Amino acid sequence: MSKKLSIVVVEAEPERAALIEASLREAGDFEIAVIAETAGLARRISERNPDVVLIDMANPSRDMLEEMALASGPLERPVAMFVDREDEGMTKAAIDAGVSAYVVAGLRADRIKPILDAAVARFHMIHRMRAELAATKRALEERKVIDRAKGLLMKARGVDEDAAYALLRKTAMDQGKRVAEVAQALVTAAGLLA
Amino acid sequence: MSGAPISVGFIPLVDAAPLIIAREIGFAEEEGLDLKLAPAPSWSTLRDRLAMGQIEAAHMLFPMPVAAALGLGGFGTRIDILLVLSLNGNSIGVSRALAEKIRANGYEFDFTCAKRAGEALIAALDGPLRIGVPFPFSMHAEMLYHWLGALGLKAPQDLDVRTVPPPLMAEALAAGEIDAFCVGAPWGSIAVETGVGELLLPGTAIRANAPEKVLAVRHDWAEAEPGLTRRLMRATWLAGRWLARPENRGTAAEILALHEYLDLPAELIERSLTGELIISQRGELRRVSGYLEFFEGAAAYPWASQAALVASRLAARMGLGREEAMAAARAICRTDLYRRNLADLGAEMPGAREKIEGAMTEPTAVATQSGKLILSPDAFFDGWIFDPSNP
Numbered sequence: 001m002s003k004k005l006s007i008v009v010v011e012a013e014p015e016r017a018a019l020i021e022a023s024l025r026e027a028g029d030f031e032i033a034v035i036a037e038t039a040g041l042a043r044r045i046s047e048r049n050p051d052v053v054l055i056d057m058a059n060p061s062r063d064m065l066e067e068m069a070l071a072s073g074p075l076e077r078p079v080a081m082f083v084d085r086e087d088e089g090m091t092k093a094a095i096d097a098g099v100s101a102y103v104v105a106g107l108r109a110d111r112i113k114p115i116l117d118a119a120v121a122r123f124h125m126i127h128r129m130r131a132e133l134a135a136t137k138r139a140l141e142e143r144k145v146i147d148r149a150k151g152l153l154m155k156a157r158g159v160d161e162d163a164a165y166a167l168l169r170k171t172a173m174d175q176g177k178r179v180a181e182v183a184q185a186l187v188t189a190a191g192l193l194a
Numbered sequence: 001m002s003g004a005p006i007s008v009g010f011i012p013l014v015d016a017a018p019l020i021i022a023r024e025i026g027f028a029e030e031e032g033l034d035l036k037l038a039p040a041p042s043w044s045t046l047r048d049r050l051a052m053g054q055i056e057a058a059h060m061l062f063p064m065p066v067a068a069a070l071g072l073g074g075f076g077t078r079i080d081i082l083l084v085l086s087l088n089g090n091s092i093g094v095s096r097a098l099a100e101k102i103r104a105n106g107y108e109f110d111f112t113c114a115k116r117a118g119e120a121l122i123a124a125l126d127g128p129l130r131i132g133v134p135f136p137f138s139m140h141a142e143m144l145y146h147w148l149g150a151l152g153l154k155a156p157q158d159l160d161v162r163t164v165p166p167p168l169m170a171e172a173l174a175a176g177e178i179d180a181f182c183v184g185a186p187w188g189s190i191a192v193e194t195g196v197g198e199l200l201l202p203g204t205a206i207r208a209n210a211p212e213k214v215l216a217v218r219h220d221w222a223e224a225e226p227g228l229t230r231r232l233m234r235a236t237w238l239a240g241r242w243l244a245r246p247e248n249r250g251t252a253a254e255i256l257a258l259h260e261y262l263d264l265p266a267e268l269i270e271r272s273l274t275g276e277l278i279i280s281q282r283g284e285l286r287r288v289s290g291y292l293e294f295f296e297g298a299a300a301y302p303w304a305s306q307a308a309l310v311a312s313r314l315a316a317r318m319g320l321g322r323e324e325a326m327a328a329a330r331a332i333c334r335t336d337l338y339r340r341n342l343a344d345l346g347a348e349m350p351g352a353r354e355k356i357e358g359a360m361t362e363p364t365a366v367a368t369q370s371g372k373l374i375l376s377p378d379a380f381f382d383g384w385i386f387d388p389s390n391p
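So the sequence lines, in the order shown, correspond to chains L and G. Under the UniProt record's numbering, the first sequence has 159 at position 159, and the numbering climbs by one with no breaks. Under the UniProt record's numbering, the second sequence has 249 at position 249, and the numbering climbs by one with no breaks.
Treat the hints as calculated values from the structure; they're not laboratory data. Be aware that a few hints might be false.
[As the list claims (entries may be wrong)] List time: in silico DMTMM-like cross-link candidates among lysine to aspartate or glutamate, alpha-carbon distance up to 20 Å:
#: 1; chain 1: L; residue 1: K4; chain 2: L; residue 2: E21
#: 2; chain 1: L; residue 1: K113; chain 2: L; residue 2: E31
#: 3; chain 1: L; residue 1: K137; chain 2: L; residue 2: E15
#: 4; chain 1: G; residue 1: K36; chain 2: L; residue 2: D96
#: 5; chain 1: L; residue 1: K92; chain 2: G; residue 2: D220
#: 6; chain 1: G; residue 1: K101; chain 2: G; residue 2: E177
If you're wondering where the values come from, they're calculated on a predicted model, not measured in any experiment.
Take these sequences, add in the hints, and give me the full structure.
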């Protein structure tokens, strides 16, 4: 029986790192370490000497791992970007999910698959959560701006809230813009004139 | 925008300009393309997106498709070079502490002489030089190995070339993780502005008119989509010609500065387009002719000899067979498509696929199909030459 595989997850956000770690633990009995700091990343990874490194493809520090994948000095283990020509679907699934895996050369595909499957599922979920969060935040910000624009119109034109909103909406339709954009323009202009 | 949709990945750098201008000034639309530009967070991710078909084409470091042809990094998908997007544009910078020592050694930062700058730099070192580059397969790394190697610094014992993403370069310098860097515009200027470093040399001082970025596509895609390939090449080449006109530089800087592209101050971007660089916080200005070139001297022509040169060096460093590596690299330079797709636009057509690299110290006239073409100097600072037929 071969020894436990060790996995390093490179992830700066603690919450996301915890999610990935949890799903890897469900997938099997691995030794897992999280590296949050990107400064000196290559050194931190080689100190741990892992079998597999997982990193978000959106992380700009990923290029540092490319260098490691090439280095095969006496103290470093050869690392390769995960490539399994037998199973291109698995690699493609990982790329589509936005996770890149670096594995020690020679590690068998059947030992990597559960790790990659767990990571892919979790990355899909994390990216969806991130998109939702960004959309919610934007919507809230837009609502604040629209409220301020309505307030400005109510004061300047002496109309009620519904009339102010109707005016914003009509202007937006006439100009082929979104209500939030018109509201933002009004708030900016009012700020400049104040 | 109407036209056939095509998505092209890029890294937010000044030399992505031909793609950005092709979209924004309308060259892509004129060619019937709806050019969708997708920024990538890193070169490795850009390469993998291209290999896996998430994008059709990409802005790439010249040595990346060459490395792919040699089976180094990525998935082993063959990637072809359609044309060269830009020449040079990089600068070498050092930490302020190192700059002070170099000045004390009598080098006055003339920003011209690679030999004297390199000797002063080497004399100022207490240990190995740790120098950051954006990617292991980059012209930055090739230039540094050539320049410092020629001056006696041996890799890896004296010279430690490390990968640091450009947006993190200034930070790595400030944290003392590296002593120096070689990086594309505008990141050198940003290191000066943030006060962490000074610029020592432009890339042009090491080699004039060195190829830097290319327009790359999957070989299979270029074969399957000759019409789209043609339109993409034409739109990009026309954008390069537009960028070469000095009166367009201000506009180009403003467009590149937009949030969806570089999202950085236009003034910093314009420095690299005009070649007027501020090299220190004291505001010292240096003018560099041809600092970043998009067009002159048949800049876009993908010389197979240049790919053979890079392949020969990578093969030597990685312990691969040199002849095989050079042959694989030559094959990906699509001079055939360049001829077929750009001739009627008036693009200069060198008669040969290869030249002796580094042999021209002066602008040189060469034979072309339509008469004569003036090629720009391509000499290395130390007079080294590479004869692809007799390396």
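Query raised in the report: Where does the structure disagree with the numbered hints, that is, which hint numbers, in rising order?
Result: none
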